[in-house]
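Given the coordinates of chain A, work out where chain B should sit on it, guided by the hints.
So the sequences go chain by chain: A and B.
Number 142 in this note's numbering belongs to position 142 of the first sequence; there are no gaps in the numbering.
Number 444 in this note's numbering belongs to position 151 of the second sequence; there are no gaps in the numbering.
Simulated from the structure, these hints should not be mistaken for laboratory data.
All C-beta atoms, glycine included, are put in the ideal place defined by N, C-alpha and C.
Keep in mind that the hints are not guaranteed to be accurate.
[Said to hold, decoys possible] Using C-beta positions, here's what the derived DEER-type ranges look like:
| # | chain 1 | residue 1 | chain 2 | residue 2 | range |
| --- | --- | --- | --- | --- | --- |
| 1 | B | P394 | A | G9 | 50 to 56 Å |
| 2 | B | R724 | A | G198 | 56 to 62 Å |
| 3 | A | E59 | B | Y660 | 57 to 63 Å |
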Amino acid sequence: MERRTIFGGWALPAAFVLPQLLLTIFFFIWPAGQAIYGSLTRQDAFGLKTQFIGLENFEDLLTDPLYVESMGRTVAFCVAVTLISMGVALLLAVFADREIKGRGIYRTLLIWPYAVAPAVAAILWILLLHPQIGMISHGLKALGIAWDYKINGTQAMIVVVLASAWKQVSYNFIFFLAGLQSIPRSVIEAARMDGARGWRRFRTILFPLLAPTTFFLLVVNLVYSAFDTFGTIQAMTQGGPGKSTETLVVKVYRDGVVNLDLGGSSAQSVVLMLGIVMLTVMQFRFLGKRDKT
Amino acid sequence: MKRRTLLATTAAAATLPAAAFAQAKTKIVWWHAMGGALGEEVNRIAKEFNASQAEVEVDAVFKGTYPETLTGAIAAWRAGQAPHIVQMFEVGTGSMLAAGPAVKQVWQLSQETGIEFDPKAYLGGVRGYYSLPDGRLASLPFNSSTSVMWYNKDAFEKAGLDPEKPPATWNDVIAACRALKAKAATPVPMGSAWPIWIQFEQFAAMHDLVFATKANGFEGLDTELKVNAPAFVKQMQRLLDMSKEGLFKYAGRDNAADAIFPSGEAAIGFNSSAARAAVARDAKFRWGEALLPIDPEVNAKPLNSIIGGASLWTMTAPNRTPAEYKACAQFLKFIGRADNDAVWHQHTGYVPVTLAGYELSKKQGYYEKTPGADLPIMQLTRGEVTANSRGFRLGRMAELRNIFSEELEKALQGQQGAQASLDAVVTRGNRVLREFEKATKG
Numbered sequence: 001m002e003r004r005t006i007f008g009g010w011a012l013p014a015a016f017v018l019p020q021l022l023l024t025i026f027f028f029i030w031p032a033g034q035a036i037y038g039s040l041t042r043q044d045a046f047g048l049k050t051q052f053i054g055l056e057n058f059e060d061l062l063t064d065p066l067y068v069e070s071m072g073r074t075v076a077f078c079v080a081v082t083l084i085s086m087g088v089a090l091l092l093a094v095f096a097d098r099e100i101k102g103r104g105i106y107r108t109l110l111i112w113p114y115a116v117a118p119a120v121a122a123i124l125w126i127l128l129l130h131p132q133i134g135m136i137s138h139g140l141k142a143l144g145i146a147w148d149y150k151i152n153g154t155q156a157m158i159v160v161v162l163a164s165a166w167k168q169v170s171y172n173f174i175f176f177l178a179g180l181q182s183i184p185r186s187v188i189e190a191a192r193m194d195g196a197r198g199w200r201r202f203r204t205i206l207f208p209l210l211a212p213t214t215f216f217l218l219v220v221n222l223v224y225s226a227f228d229t230f231g232t233i234q235a236m237t238q239g240g241p242g243k244s245t246e247t248l249v250v251k252v253y254r255d256g257v258v259n260l261d262l263g264g265s266s267a268q269s270v271v272l273m274l275g276i277v278m279l280t281v282m283q284f285r286f287l288g289k290r291d292k293t
Numbered sequence: 294m295k296r297r298t299l300l301a302t303t304a305a306a307a308t309l310p311a312a313a314f315a316q317a318k319t320k321i322v323w324w325h326a327m328g329g330a331l332g333e334e335v336n337r338i339a340k341e342f343n344a345s346q347a348e349v350e351v352d353a354v355f356k357g358t359y360p361e362t363l364t365g366a367i368a369a370w371r372a373g374q375a376p377h378i379v380q381m382f383e384v385g386t387g388s389m390l391a392a393g394p395a396v397k398q399v400w401q402l403s404q405e406t407g408i409e410f411d412p413k414a415y416l417g418g419v420r421g422y423y424s425l426p427d428g429r430l431a432s433l434p435f436n437s438s439t440s441v442m443w444y445n446k447d448a449f450e451k452a453g454l455d456p457e458k459p460p461a462t463w464n465d466v467i468a469a470c471r472a473l474k475a476k477a478a479t480p481v482p483m484g485s486a487w488p489i490w491i492q493f494e495q496f497a498a499m500h501d502l503v504f505a506t507k508a509n510g511f512e513g514l515d516t517e518l519k520v521n522a523p524a525f526v527k528q529m530q531r532l533l534d535m536s537k538e539g540l541f542k543y544a545g546r547d548n549a550a551d552a553i554f555p556s557g558e559a560a561i562g563f564n565s566s567a568a569r570a571a572v573a574r575d576a577k578f579r580w581g582e583a584l585l586p587i588d589p590e591v592n593a594k595p596l597n598s599i600i601g602g603a604s605l606w607t608m609t610a611p612n613r614t615p616a617e618y619k620a621c622a623q624f625l626k627f628i629g630r631a632d633n634d635a636v637w638h639q640h641t642g643y644v645p646v647t648l649a650g651y652e653l654s655k656k657q658g659y660y661e662k663t664p665g666a667d668l669p670i671m672q673l674t675r676g677e678v679t680a681n682s683r684g685f686r687l688g689r690m691a692e693l694r695n696i697f698s699e700e701l702e703k704a705l706q707g708q709q710g711a712q713a714s715l716d717a718v719v720t721r722g723n724r725v726l727r728e729f730e731k732a733t734k735g
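Only chain A is shown next, with the shape it has when bound in the complex:
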C-alpha cells in the first residue's frame, strides 16, 4: 500500500520544489560551474585578463610533486581522523548504552563538543598544546619530550588529527548510540542465554548489526576529515611547518585566496569535487543495496 498525494496541474508542485531548486542553483550549481570554468583559464588576480588554456592547470597540478604529496598526506590524515573519531565514539557509545547511573548526563556531555565551531575548537587545543603556554606541553616537556609543533611536522600532524577527531567524536557517538539502541533486546538476550558475553558478544552480535551505521559514518567521516577540517587546520598550523599539515582543502585556500592563483585553485576544487562525487556514489550504491534486501 502506497500513500500518495496527487496534484492537479504543475504549478503547485513546482512552487514547492522551487525554493530548494533555487538554493541548489545559487549555492551549488552556479559556483560549481564557475569553478569548472575557472579551472580552464588563467587569470590575474583582478580578473582583467582571462585566457582560456584548456587543461593546462590540471596538467600542472598532476605533474606537481607537491600536489601529489598533499594528496597522500590528505589520505593519511583522513584515515587517522576517521579511525580515531569512530573508534573512540564506538567505545563510548557501547559504555553509555549500558545500564549505569546518570547515563543521561554522560550522553549530554559527550554530545557537547559537536556544538563547538572548528576555529574555537582549534583555539582550545592551541591553549592546551601551545609550545610556550600550553598545559599539556608543560607536562610533555617535564617528561623530556621536546614538544614544539611549530617546527616539528610529525607533532603538528598529531595535533591537527587529535583536534579534528575530537570534534567528530560526538557526532559519531550519537549515531552509534542510536544504532545500538535500535538493536532488538531479544537478540542480545538470546546471545546472553547462549553464554556469549563481553567482547565476544560485541564482535559477533553488536558490531555486525551496527554495520549500516558504521558504513554511513565511515563515508561521513571521510568527507568531514577531507573537507570540514579546514577551519581547525588553518587556525592551528596554517598548513605548516613546511607543508606537513597542508591537506588538499588547505592548499585550495592557500593557492586561491592567499596566492590568488585562481585558475590553479579552481582546478584543485574540481578535483576535490570529483572526489566527493565518487564518495557519494559509493554511499548510495552500498547503502541503497542494503536497504533493498
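Just chain B now, with coordinates in the frame of chain A:
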C-alpha cells in the same frame, strides 16, 4: 550577470536615501590593516581629517591582516564595491601595479583633480618603492618601517656583556648568544619576527647581493630568484646551526614571533622598527634598539636596509564620481602633510616618509628625547642605493615568502640542508614568477 545587476540594484537602492545627504558631504571609505594601538592612530587621523574641513568624511574600516586586506580589496573590486582608498602592504605592490584600471595611481589622481603631489617631498628609499621607473608616484607612502635588532639590556648585563654595545656583526651576535645561553639570562638567546624579510631580504639588500635578477623585479617581469648563491647559503646555515645549538628559536612565520622579545623570552629580537610602541609598552626590562648585524666576510661596507610597511592606493569602482576622487586626493594630501607625518612617526615607530616630517621631528627635539628613534632612518639612508638595495617588486611576493618559510621550516626540522632548501626556493619560486608573468602579460 544576473547577480551583478541584482547587486547593483540593491546598492543603488541603499544609496538612494543617502544621496541627498551626500551633496553636503562626500563620503569615502578607507580600508586598513592596522589593529590594536596602530588602529587607534589610524582612527585618530580619520577623525582629525573629518574635523579639519566640511566637504569630505572619511570612514576608516579595519579589514584584518595585510594579506586579508589585499584579498578583500581584490574581491570587492571584482564585485564593483572597492573601497575608495586601501592600505596595501609593500608585498602587494607588484600586484597593485599590475592592476591597471582597478586603481588610480597618484599621478593620475593628481592629473584628474588638479591636486598636486610632489614625489620629491618623500625620502628616497620610500619614494623608489612606490613610484614608476620614470619617477611618477603610483601610490602614496604611508607607514614605512625597516627592521632593527632589539636587545634586552638587563639580560646583557647578567651575561657579562656590555649593555651599551650591541653586537654589530653576526660573529658578535653568535658570541653574545653563547654568553646569554651560558648564564641562562633569558629562556632563549635570540628570536626573529618576519624571518624571511629580515634574515634574507634585508640581508641581501644590505650586503648588495642579487636576490632576484632584473633589479629584484623592478626592471622586468622576467626576473629570476638567485637566493641559492653561496652568501645566502652561509646565512641560512648560520641560522640552522644557531637553532641546533639552542641559540636561536624559530617561532613562526611573519609576525608570529612578535611577542618573543617584549615578553622577555629572547634577549635579542629582530623585528620591524614599528615594534617600538609595543616594546615600550610591554617590556618589563631595559631595552635598546640596534642596527641589523652584518657579515663583513660577505660585504664589509653595508648598504641601506629596505623598507616594509604599506602605502595607500586609490581604487576605482563603477559609478564613482569625480567628487569622490577629489575627496580621495584631499585626504591623501592631508596624510602627506609634514605635521601629520611627524605625529604618526613619533606615535608609532614607523619612519617619517616625508623629508619635511623628518625635519620637523628633528626641530621638535624628538630624537634627543627618545634616543635611538632615528636609528632606522640612519640605516635606511646608509650608503649609495644599488639595484640590489632598492627594494623588491616581485609578483605574488606573499606566496614567495610562504615558499621560503616552508623550505626554511623543513631545514630547521633537519629534513634538508641549507643548499637544498635554497635550491628548492629558487625552483619553486621561479615557477610562481613565470605564472605571474604569463597571467599579467596575458
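Hint-by-hint comparison with the structure:
1. B:P394 - A:G9: 50 to 56 Å: 51 Å, holds
2. B:R724 - A:G198: 56 to 62 Å: Once the Cβ atoms are compared, 58 Å apart, the range 56 to 62 Å for G198 of chain A and R724 of chain B holds.
3. A:E59 - B:Y660: 57 to 63 Å: 58 Å, holds
Of the numbered hints listed earlier, not one is contradicted by the structure.
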